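Whole structure, please, built from the sequences with the hints as guidance.
Residue numbers (my numbering), protein chains in the order written: chain A, 18 to 362; chain B, 18 to 362; chain C, 18 to 362; chain D, 18 to 362.
Just so you know, the hints here were simulated from the structure itself, not pulled from any lab data. The hints are all genuine.
No copy labels: a pair is met if it fits in one copy or bridges any two.
DSS-like mimics (lysine-lysine), calculated; alpha carbons at most 27 Å apart, straight line: (1) 267 / 221; (2) 221 / 56; (3) 203 / 221; (4) 240 / 267; (5) 121 / 110; (6) 156 / 121; (7) 131 / 221; (8) 103 / 131.
None of the values given here were measured: they were computed from a predicted structure.
Listed below are the residues making up each chain.
There are 4 protein chains.
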Amino acid sequence: MNVGIVGATGYGGNELNRLLTKHPKIEKCILYTSSEEGKAYRDSYPHLTEISHESLASLDGKRIEEEVETLFLASPPGAAAELLPKINRNKVKIIDLSGDLRLKDSSLYEQWYKRQPADQEIVDQAVYGLAELNKQEIKYATILSNPGCFPTASILGLAPVAAQSLIEESSVIIDAKTGVSGAGRKPGAAVNYSEINENLKIYKVNGHQHIPEIEQALNLLNKNISTVTFQTHLVPMTRGIMATIYVDLKEEMSSEQLLDCYQSFYRDSYFVRVRPLGEFPSTKEVYGSNYCDMGLAYDERTGRATIVSVIDNLMKGAAGQAVQNFNIMNGYEETLGLELAPLFP
Amino acid sequence: MNVGIVGATGYGGNELNRLLTKHPKIEKCILYTSSEEGKAYRDSYPHLTEISHESLASLDGKRIEEEVETLFLASPPGAAAELLPKINRNKVKIIDLSGDLRLKDSSLYEQWYKRQPADQEIVDQAVYGLAELNKQEIKYATILSNPGCFPTASILGLAPVAAQSLIEESSVIIDAKTGVSGAGRKPGAAVNYSEINENLKIYKVNGHQHIPEIEQALNLLNKNISTVTFQTHLVPMTRGIMATIYVDLKEEMSSEQLLDCYQSFYRDSYFVRVRPLGEFPSTKEVYGSNYCDMGLAYDERTGRATIVSVIDNLMKGAAGQAVQNFNIMNGYEETLGLELAPLFP
Amino acid sequence: MNVGIVGATGYGGNELNRLLTKHPKIEKCILYTSSEEGKAYRDSYPHLTEISHESLASLDGKRIEEEVETLFLASPPGAAAELLPKINRNKVKIIDLSGDLRLKDSSLYEQWYKRQPADQEIVDQAVYGLAELNKQEIKYATILSNPGCFPTASILGLAPVAAQSLIEESSVIIDAKTGVSGAGRKPGAAVNYSEINENLKIYKVNGHQHIPEIEQALNLLNKNISTVTFQTHLVPMTRGIMATIYVDLKEEMSSEQLLDCYQSFYRDSYFVRVRPLGEFPSTKEVYGSNYCDMGLAYDERTGRATIVSVIDNLMKGAAGQAVQNFNIMNGYEETLGLELAPLFP
Amino acid sequence: MNVGIVGATGYGGNELNRLLTKHPKIEKCILYTSSEEGKAYRDSYPHLTEISHESLASLDGKRIEEEVETLFLASPPGAAAELLPKINRNKVKIIDLSGDLRLKDSSLYEQWYKRQPADQEIVDQAVYGLAELNKQEIKYATILSNPGCFPTASILGLAPVAAQSLIEESSVIIDAKTGVSGAGRKPGAAVNYSEINENLKIYKVNGHQHIPEIEQALNLLNKNISTVTFQTHLVPMTRGIMATIYVDLKEEMSSEQLLDCYQSFYRDSYFVRVRPLGEFPSTKEVYGSNYCDMGLAYDERTGRATIVSVIDNLMKGAAGQAVQNFNIMNGYEETLGLELAPLFP
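In structure tokens, the structure reads:
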């Protein structure tokens, strides 16, 4: 099978390229570009010297239909909304990492992304690809919307207690921390090494575009959840996201009971590793892998539970999850090409 | 005036040494040790070559009384409890950074520190030295208990709204993040560079010994506050603490009103810099200085306020605050020897 | 095939475990320990939760002979010298990463390692495993001595010009820089995060034990080379080694000619990637992979060439190279289990 | 006295501002800009909230003459060449950090900087401000050219042996390593955190514009030195430069003799700290201070000496040295406003 990537020179696209060039079911991975046609990919990423031999191909709807069966969109917000109408979606399956198709309510998209939303018909057709929650739907998707990095860690961390109505619905607070690669490869004052190193910042306070995505997903699990508090921090590291989640429990329960709830919920989820009581995952323990690791504790002093959920933002938070969805959409083993152990230290 | 430091080979003690050797009112700063008598201080800290000429002096109660007027204890927990009974506290003022004298209720000390508490009489006599809240008391202190690093950022971040009863008392959540220097200079697997770098960890979940210190201080400001949720994260950086604080407000208020409340409260506090709306401090913006910087926002969607409070853990979180207290106890200008601009980048 | 690792709880051993558990020809990888028998491996390395199911097995010569066909020694210096006499080396192939068997002249071992050397007979039997230089010998080795991390980068960087006598023999200067993981997992003041972060150190000036290893290898390539200047620096990063090599050329040559020399020399070496003129590899461009990347330039102003050689110290500098040697010793494709693309960023 | 800074929003200018606002002889420090007139300085650098109250003033030659006695140019190359002809240099002393006035031979400037040189008359008038070598000249300078960061560390590291003709003149190799702040605050792909962190790069191989500056200074000390090999590496840290210097000695000498030579040479240089034998400075040991620390060793095996010289690139490598020169030019104590202990850790 041949597949294509739009936006392969970004970090998410590059990670996709790393995974897809080694994927056992993929013969060729074509890299499309709107502006750098003919450029050798290795000139952008010399670490792939002698591995990724492709030159960038011109981004053309017709050509794409003929060349590939699945197209990954690893472009920033806005690109998918613009590109998708030009592609015959009966011929090419789409896996979109841009974020354009995540919010079903387009007015929310406009409000939080400050952009024109994609065609409502495309948005309606897109399946939200969080396989641990809706694998059946993903099997039959032709347009798949890959979840955001923060929402992946946050929703997985909350799903068991949200779905079972164990929490006070208005009590959800997510204190999220991310490495810098999520900001992409584009130069910018905000990602200058000297400003990030030995520094810790909060950003987009009460305004991150991942808030409505998290709320939409939780609301599907539990109608009584409508808003959450979600703040994001920039940590001096390249990869990794941690969501520290605080919830008030409706009824007192032991940490053991809480653990049971999580272990049952994720019994069949290969990529979720719920840790034993007393152990909490650090971000590096999933580095370079597709795992989402969790630890949790109930505090009887306050009646509050703390849940910690970590992912590699470029893997389970982007490219890895996209490949997981690709596998499911094509009837392959969910883990194909993703059986990578985390790199440590 | 001569002063002394016990524990100057630790990071907190070394930072004290940096400040005290340049302090305009101090003639000599004597460094006491229980185990390394005669060793040149620069052998431990070659960055002070030609600056700190002292050799380590033997730790002897009698000698201390004769040599110094104020003694700083920069030792780990347990040391103050053991050392203080041996010193004539009528002759020497004590500034204790060990944490042994912070909790007025000794049973709490035992429970959270897992150690024998200090003599209750000494604990009773010790004044908690958070000058922004109780400068008058500090003026007449002979034993001063210097606040912990996390409590300093957390209590200052909460004091205005706690004192004015603006918050739901059981709603306080503090998500704290710290650099690694707080763990001290002692070698340990947990601070091995390879385990910390490019990694983010949560630790001591629901069990950090700074929890009762924060609760004690908040309870003094507002009798209805008894427990808080407080979690700590280890960030791959050397210096800096950020407390991201979440509180439910009793009544809706604008971010402007919230800002007013903070600005009024800290009008006369030189070392607290409340930022304008929309701006939040990063940890590096107080690096090497004694400032505590704050930013805040109210979210009308959730009825919750987020307050961000940052300090340099070795300065306002330890040595800087100790010198600030020293100044107040001796009738000097509060800022003497502390007018250091943050180092950036 | 079953294989075993001694010292799997160190960083090198852990990296071996990562590679061997995914190696297509290996059924079982048994982890031996002298002191922690029965302990679950994941307790030391939770990132391998649900991946490495082994508990540590007792280190016993008899047992090893029965259980495994190849034994990897990933222990610190001294361990191999002690362990090897207890193992029947007709039954078990040995791949030693400890360094004990690298120096053929045992008096040099004593001088530079400050330890008792291994039995001369074992030392004589051991084949130095730098496959790019002596693959034929490795094929028939029963005891293989895996090169040191610095020597790997340095010798590969010098081999083409040394073998062809293009350089002034006494002019070799290697300025080496390494990440911290080379120092291992043992706690120590020298690897405390706060001492390493935002810091750069030189260490073991004129005294690093890898000096005689480099000299021995170069002398085999060119009898006229007897000593080199080799200094090592500790860089605030976890993985990666760069050797910046300075040599005076005997005769003026263009950078193009120099490049030709390197490209010819490494034509058949899968893991060496010589970069085009004007491009120099950074350490992260080989991160997590078994590549050794090189860049070079001749400076006609000074008559001197600069050669840059980078590896991942835990991969081509240790575990990856050991697996490469394992493949060759067993007649497998050299690259088996090592076709990992570098992880970037 | 009033002084002015052009380019205060860069890192070097910001560091100057930190030093000059606390300098005991300076009443007011005016910040000039060509493009951001009226902007509050703290908007660019919120860490100086309540410390630097200035707004940026318009850059006007007339105005500058009236307002300040000394003007610091902390602009990138090219700015000084353009600005200086517009200022009456009889009224305002100039301290230039741009590099435009360092090379006396303007053809070298063109060749290495790829720019139009400044007027030869201005270049001729400018005094090179490395006070440890030419303090007398600096006293009477009206235009001072502040040395580059790498040349400062390199020239100071070589001066004693160069001046006394102890080294083979063509043997000088300087392997330099720098933190990222030297690249300035401008956004750029090369300084994106994700590209720098956990990475080590060599750059500008054989082409760094500081090469002719180093050669010019060494040639003044020793006519027989004409070229050096000088390579630069980018280290994942913000501040700090280390020059590891390799030289062949003409005659064998002990490390003790070499140390004597350095200690004598720098006997009266407050800011140079020559370390005892066996001890080498790390970059963090001068962090935030104006020191240049050195360590050295002679290796009798190779006849080569290794000299290590470290500075903080923003202090002794830029702003600190500029203030040192300012002090000398105005007859103040050389150390005024610069008695800052390094910040550690």
